[in-house]
Each structure stands twice: as C-alpha cells, then as structure tokens.
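J.: This is what each chain is made of:
2 protein chains.
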Amino acid sequence: MDEITKPRLEVCLSPALLHLFDVKNSIVVIIDVLRATSTICTALYNGAAKVIPVATVEECVSIGRQLDAITAGERDGKIAEGLLHGNSPFEYPTEFIGGKVLVLTTTNGTKLLHMAKDAVQIITGSFPNISAVCEYLISQGQNVILGCAAWKDRVNMEDTLFAGAVVSRIKEHFDVNCDSAIAAETLYHSAKGDLFSFMKKASHFHRLARYGLEEDIKYCLTEDGANILPILRNGELIKEK
Amino acid sequence: MDEITKPRLEVCLSPALLHLFDVKNSIVVIIDVLRATSTICTALYNGAAKVIPVATVEECVSIGRQLDAITAGERDGKIAEGLLHGNSPFEYPTEFIGGKVLVLTTTNGTKLLHMAKDAVQIITGSFPNISAVCEYLISQGQNVILGCAAWKDRVNMEDTLFAGAVVSRIKEHFDVNCDSAIAAETLYHSAKGDLFSFMKKASHFHRLARYGLEEDIKYCLTEDGANILPILRNGELIKEK
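So the protein lines, in turn, are chains A and B. First residue of the first sequence: 0, per numbering that gives the first Met the number 0; consecutive thereafter. First residue of the second sequence: 0, per numbering that gives the first Met the number 0; consecutive thereafter.
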C-alpha cells in the first residue's frame with residue numbers, strides 16, 4: 000500500500016483526551032476490557048439479539064421494562080439496585096441470552112461511547128473478539144481511534160494492553176504517528192507472554208480479585224473466545240453480519 | 000519502611016489529566032524532556048542565577064527587559080520573534096549563562112507548571128538531572144506526581160520514558176498503585192538499552208530531527224549531564240542547595 004494513502008491509527012488512552020482526536024473522520028473502537036466490552040461481544044456471540052448500552056441505572060430499568068429485556072449493570076462491583084444481572088461474561092450463556100435483548104449500563108465504557116457518537120462508525124473491542132476487530136479495521140481503510148474507556152478517566156493497564164495488541168496486529172496497514180500507540184504496543188509486547196501475570200500489577204486487578212473474579216479476568220484476557228464484531232446501529236450494538 | 004506509611008507515587012501522562020490527581024498534597028515533578036526541563040537544569044548547572052518560566056513571548060520580552068535578563072523560547076521550532084535565544088541546552092554554557100537570569104517561555108512545560116501551582120513543591124526533571132530528582136523525592140517522604148508536559152496535551156514518548164525511569168529508581172520507597180506508573184516503567188525497561196534508537200519511533204523525534212537537533216536529543220536522553228535540582232521558589236526556578 001502506498002505510504003501516503005494509509006489511514007491513521009491512533010490510541011486515545013482516556014476519555015479525557017478524546018477531544019484531541021479527529022473523531023468525526025474516524026472509526027472509534029470502544030475498549031473496556033474489564034469487563035463491559037468483553038461481556039458485550041460474549042452476549043452477542045451467544046445469540047443476544049442486541050445490546051443496548053445506557054449511561055444510568057434509571058435508563059436501564061426503564062428501557063428494560065419497555066422492551067421486556069434483560070437489565071444488567073454494576074456499581075462498585077455489585078449488581079446495581081433495580082437491575083437483575085451483572086457485568087460478568089459468564090452470566091450470558093446461550094441458554095440464557097439467546098434471542099434476548101440486553102440493556103447494559105456501565106460507567107466508563109458507556110461514557111466514552113456517547114462521547115464518540117459523531118464517529119464514522121463505533122464498534123467495541125476486547126480480547127475475546129480481537130480478530131474480528133482487526134479484520135474489520137483493515138477491511139474498512141479508514142482512520143481508526145482505539146479508545147480506551149479507562150477508569151474514571153485514569154489510564155488503565157488492561158485497555159492500554161488491548162490497544163497495543165491491536166496496533167501490533169494491524170499497524171502495517173496504517174500510518175502510526177502516535178506515541179500512545181507506540182507505547183501501548185511496546186507495553187503489549189512486554190506483557191504478552193503472560194498477560195494474566197502482568198495484569199496482577201494493575202490497579203483494576205486488585206479491585207476485581209477482591210470480588211473473586213479471577214476467572215472473569217482470565218477470560219477477558221484470552222483471545223477470540225467470542226469472536227464476533229459488535230457494531231453500533233441507531234444506538235444499539237448488534238452483531239455485524 | 001512500613002507498607003502503610005509509604006507516600007504515593009503516580010504518573011500523570013498529560014496536563015489534560017492533572018485534575019484527576021491530588022496536586023495539593025503532592026510534590027509535582029514537571030517533565031518536558033525535549034527540551035525545556037533538560038535546558039533548565041543545564042542552565043542552572045552552568046551557573047545561571049535563576050530561570051523564570053513564563054507562558055508567553057510578551058511576558059518573556061517584558062520581564063527580560065525589567066531584569067536585563069537573557070530571553071529565550073521557541074515557537075514551531077524557531078526562536079520566537081522578539082526573543083534572542085532558543086530551547087537548546089547547548090546554547091547555555093557557563094561562559095554565557097554564568098550569573099545571569101534566564102527568562103524562558105515554553106508552551107507545554109510552562110502550562111503544566113502553572114496548572115500545578117498549588118502543589119506542596121514543584122521541581123523539574125529530565126534525564127540530565129535524574130539522580131538529583133530521585134534523591135530529592137526519596138528524601139522528602141511526600142506523595143509524588145510525575146507530571147509529563149506532553150505535546151499539546153497528547154501523551155508523548157520522551158516524557159513517559161523519563162517518568163518510567165524515575166519510577167524504576169525510587170518505587171521501593173513509595174506506594175505505586177497507578178497503572179500509568181507501571182506502564183511507564185515497563186516502557187522504560189523495554190527502551191533503556193538504547194533510548195536514542197527507541198526514540199526514533201516517536202513523533203517528536205522527527206519534528207526535532209528535521210531541524211538538525213539530533214545532538215540535542217542525545218544529550219537530553221543522557222543521565223546526569225547536569226545533575227542539580229531546579230526547585231520553584233516564588234515563581235522562579237533556582238538550584239536547590
């Protein structure tokens with residue numbers, strides 16, 4: 000491919016930095032590895048009709064009632080009051096979620112998704128669907144922003160690692176003039192031999208491990224366990240055909 | 000040292016993230032490796048009486064006139080109109096700067112410095128004075144924020160690498176529950192064998208190399224060439240005794 004015509008590939012490490020990027024002329028990949036975007040692709044992979052991401056518990060309850068849908072979301076590591084399910088990908092096997100609508104409220108990921116609403120396209124990414132994400136991004140030939148949901152705007156390890164993993168896979172197809180992308184890729188190469196052990200250094204690991212969620216973390220760091228592409232259409236995430 | 004009583008060590012990768020940190024209860028290290036903070040410690044090491052950091056070219060001219068001082072600063076890689084000197088550490092040998100006052104305007108570093116004005120203490124850090132910085136931080140026993148000046152709020156490689164180098168040297172003395180700090184340290188360990196080669200991947204390298212500044216970059220990536228501690232007192236950076 001001609002150097003000059005390659006689209007840009009950039010990494011935005013926190014929603015608080017998104018204004019520095021040209022969202023309107025880019026595909027934005029929403030990354031919330033622990034655990035929103037891992038759970039979204041898992042639910043769709045297991046046959047959910049769609050996933051509706053909402054910002055608040057109130058919206059979740061209200062839309063869930065209107066659509067007779069499954070409502071899910073956590074606050075401070077517990078299922079939020081008024082909702083019935085949590086953020087774990089293991090809560091959404093085919094026998095439970097097949098054919099159903101999932102209304103999901105998460106703080107970090109949903110916030111970023113709404114901030115990126117003017118993007119050319121919004122998709123969600125996580126290790127369980129990394130191959131589908133990379134194939135899609137290469138096929139589109141558009142500018143890409145890998146948007147880390149972070150933790151209350153703080154840069155986090157798991158989203159940065161996933162962004163780095165994507166950069167390492169697709170960079171030949173893009174112009175990568177972004178220090179965050181190069182840093183994320185370097186970090187990923189340092190960690191990839193054993194992502195789970197590396198993640199033990201991270202702040203979020205300890206938050207989740209306290210709740211006994213080590214199996215969730217392992218699943219969320221494993222490639223292609225639910226390898227489909229969630230794509231946003233009219234405010235709803237559906238499985239791209 | 001008792002685990003519980005250790006002060007915090009955190010890395011803020013961009014001024015746009017500084018509001019997430021407890022600046023008021025921390026020492027803030029201003030990091031602008033290419034080239035403001037490298038030049039500041041070099042000028043002080045070579046005998047400058049003080050360095051006055053200012054935000055605009057106008058202030059620089061005005062204060063320079065009042066104090067009969069050396070005025071310096073660049074915009075877009077050139078000495079700014081109305082000023083006489085640039086950002087290169089090589090412009091400030093003892094025979095030129097000894098006993099003089101340097102009024103310096105830089106965009107990224109000065110902005111961060113003003114944002115951090117409520118900190119317990121502000122110092123500046125760069126590879127040429129890394130040992131002085133680390134010794135000071137260990138000696139103070141206070142919370143520390145390593146504040147990267149970045150590039151127009153974009154995370155950059157060189158400031159992140161320096162933050163990582165400091166983390167790797169002093170982390171035993173601190174509580175490091177900050178993914179940015181862990182990521183920066185990991186990045187530094189990947190790069191430290193040959194920082195200059197690693198920096199060739201970074202966006203700022205290409206901006207400066209276009210201006211023929213590779214020797215500046217090499218100097219700015221070399222440890223302890225001007226190993227003193229610039230500390231902010233009443234808006235002026237002086238050499239800590």
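If you are wondering where the hints come from, they were derived from the structure by calculation, not from laboratory data. Treat the hints with care, as some may be off.
Copies of the same chain look alike in the list, so a pair counts if it fits in one copy or across any two.
[What the hints assert, rightly or not] In silico DSS-like links for lysine-lysine, alpha-carbon gap of 27 Å or less:
| hint | residue 1 | residue 2 |
| --- | --- | --- |
| 1 | K23 | K99 |
| 2 | K151 | K116 |
| 3 | K5 | K199 |
| 4 | K240 | K151 |
| 5 | K238 | K110 |
| 6 | K200 | K99 |
| 7 | K238 | K200 |
| 8 | K5 | K200 |
| 9 | K151 | K5 |
J.: It remains to establish, for every hint, whether it holds in the given structure.
T.: Evaluation of the provided hints:
no.: 1; hint: K23 <-> K99; verdict: neither (32 Å within a copy, 50 Å between copies)
no.: 2; hint: K151 <-> K116; verdict: both (19 Å within a copy, 24 Å between copies)
no.: 3; hint: K5 <-> K199; verdict: between (37 Å within a copy, 20 Å between copies)
no.: 4; hint: K240 <-> K151; verdict: neither (33 Å within a copy, 40 Å between copies)
no.: 5; hint: K238 <-> K110; verdict: within (21 Å within a copy, 45 Å between copies)
no.: 6; hint: K200 <-> K99; verdict: neither (37 Å within a copy, 47 Å between copies)
no.: 7; hint: K238 <-> K200; verdict: neither (33 Å within a copy, 36 Å between copies)
no.: 8; hint: K5 <-> K200; verdict: between (36 Å within a copy, 17 Å between copies)
no.: 9; hint: K151 <-> K5; verdict: between (33 Å within a copy, 24 Å between copies)
When the structure is compared with the earlier hints, violations turn up for hints 1, 4, 6 and 7 and for no others.
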